[in-house]
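Undergrad: If you want the building blocks of each chain, they are given just below.
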Amino acid sequence: MPGLFPVAVIVASLIFSCSKKDDGTEPEQPYQPHPYSLEIPYGFPTQLNIPSDNPLTEEGVALGRYLFYDGRLGGRDHPDSLMSCATCHLQQNAFECGTDHPVYTNGFTHGINGKPTPHVMLPLFNLVWNSNGYFWNGLVGPDNPDEHYRNIEDIVWMGVVVEHEMDSDTNRVRELIQSIPGYPDLFEKAFGSRQVTMRNIGRAVAQFIRTITSAESKFDRYLRGEEQLSPQELNGFVLFTTEEGADCFHCHGGSGNPLFTTNKFYNNGKDSLFTGPYEDPRDRYHVTGDPMDLGAYKAPTLRNIIFTAPYMHDGRFATLDSVIHFYNTSLVWSPYIDPLMHHIANGGTQMIPQEVSDLKAFILSLTDYQILSDPDLGPPEKFPDEE
Amino acid sequence: MERLIKLLFIAAAGIALLAGCKKETKITEVSSGKIIICFDHRVDDLPMVRDSLMYTNEAGNPYMINEIQYFISDFTLYGAGGSQVVIDDWKDIHYVDTDIPETWTWEVYDEIPQGWYDSVSFTFGITAEKNKSFMYVNPPERDMFWPEYLGGGYHYLKLNGKWLPAGQAYQTRPFDFHLGIGQIYFSYPDSITGYVQNYFTVCPPGSALQVINGQSTKFNIVMNIENWFKEPHIYDHDQWGGYIMQNQDAMALARENGHNVFTLELCKK
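Respectively, the protein sequence lines represent chains A and B. Counting along the first sequence from 1, when you hit position 158 you're at 158 in our numbering, and nothing is skipped either side. Counting along the second sequence from 1, when you hit position 116 you're at 116 in our numbering, and nothing is skipped either side.
Do not take every clue at face value.
Distance condition first, Cα-Cα at most 20 Å in a straight line; then the derived EDC-like pairs of lysine to aspartate or glutamate [said to hold, decoys possible]: (1) B:91 with B:110; (2) A:264 with B:67; (3) A:218 with B:148; (4) A:270 with A:321; (5) A:115 with A:80; (6) B:91 with B:107; (7) A:264 with B:99; (8) A:382 with A:58; (9) A:360 with B:190; (10) B:218 with B:265; (11) B:34 with B:118; (12) A:270 with A:280; (13) B:132 with B:110; (14) A:382 with A:77; (15) A:264 with B:97; (16) B:218 with B:102; (17) A:264 with B:141; (18) A:115 with A:163; (19) B:130 with B:148; (20) A:264 with B:102; (21) B:130 with B:89; (22) A:264 with B:51; (23) A:189 with A:386; (24) B:218 with B:141.
It is worth saying that the hints were derived from the structure and are not from the lab.
Put together the whole structure using the sequences plus the hints.
TA: Here it is as structure tokens:
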């Protein structure tokens, strides 16, 4: 028996010494895309919503950017039928539709077939710092019992199939992308396989979306000690962060939470009736079943708010002025109003005109112009089949 | 010369011998156990029921609780011989949120020397030394930030609910019973001349406990919510209104009442 040991070693050595394939080519290296380095801005969370099975990679983000902007993501290649994420999420409007969209009137979007989108859009930046659910009601989130409704990856296929967006089907999309020269190579670089799958389409687009960040507003520079706010903006900042003032900060953050959203859900006093003809199947209640969530919706970030009209989940306010006016004088009581809405006692914050003006000035200091033209976030010069 | 060489030889041999001697290390085994702190919230001795206008405080205000969030820190156990064990090996501040079950239990990392402890104490909130803005960047603790203009750092407490004001049949009003750094105003509300630290030390009554070698001692810290509004001061929502972050008089009442809010009870095995 001991005599067998040297033989085994020799055989093993022979096996491992075979460094070339039969065809003489080098053996395949393990698939190793390059990690993408995401910069965490000053004061921002260090916890990132990046699933362990879809880490950010240079190759994945690059592929996701192509798909985000490619009108063939809807599974159609006729010039009249193109639709991509970027059809609605315009970079020049901080990745929202905006009220000046060439197709959608006043910021109200509709699907490729004309079916109106039920709720207006939510901001599509800084999502990598949201682990508390997506959409106005948080339907897509970590607590959803259905594993297909947990993260940004899932929102991609939802966007493809729902009638009020691309109204397509995943097989059609997968086959079209597979047939476009250049894409299989990019999928191989990003995910180790030339086979285009809807799962990998979702993973790539989600990776790109996670790189869309906004942290270069005047207020960011103020926090970093690089620029001073004007006296009016500073006064607005005080109003924003005090209960005697407008008390925006409990739901929308502030210097201690520079995302300018808690990503939580609130009934902010817009309505008094929520059942029967007034029922909204897309409020938070229809996710949690908790009656206290009737009429509750996500508090969106106030960053870049000037580009993201119309406002509230149903777009009922066309301007920022009308939103501030609502909080100032027009709150509506209901048993479901969030307890943080203490100003309901007076129907609103009751600020004088100068204070309203100061508050608005501060909110506008949250505008990040860099995101509007950042070339890394913009459309690619050429698509893969044009290279 | 010969003598000198001899002396040097002897000295060298001596040093070599000394260096060669193994040090005798005295190994003292400190027997220790762990503690697990659970956080419980009650009203009138019964488990808190959220979102229901079923309680009446000492001032006669019907009220409900929607959510409670708070920090405790510097948890300390006091041994019979005057010794103290401060919980601070891994973390010294614990966040509790009635909406987040993971925060209701604190499995303390520290090894606690075995033995009897006469009592415990903790800071409700965070001391001025530690309560620094921007020290939490992640939720949920991040969302407790207290604006710099009002003193900075973090809320000690957010107790959010609603009450039925006197004369109202059904229309409740929100109250945000928030505690943190108070302000002294020269002219209210826009000229602050100083700040007041409102954190306080809690010594729950009847908090003797035993830590057993190799075992975990589990106990509840119970927040008896009605006591925030009860003693020594009767807190009337009709008087103080829906928000108090800029009202040091109200926060002072809360602070003084807070001494009587917590009790400790050992969990049965």
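Undergrad: Taking the numbered hints from earlier one at a time, note which ones the structure violates and give those numbers from smallest to largest.
TA: 13, 24
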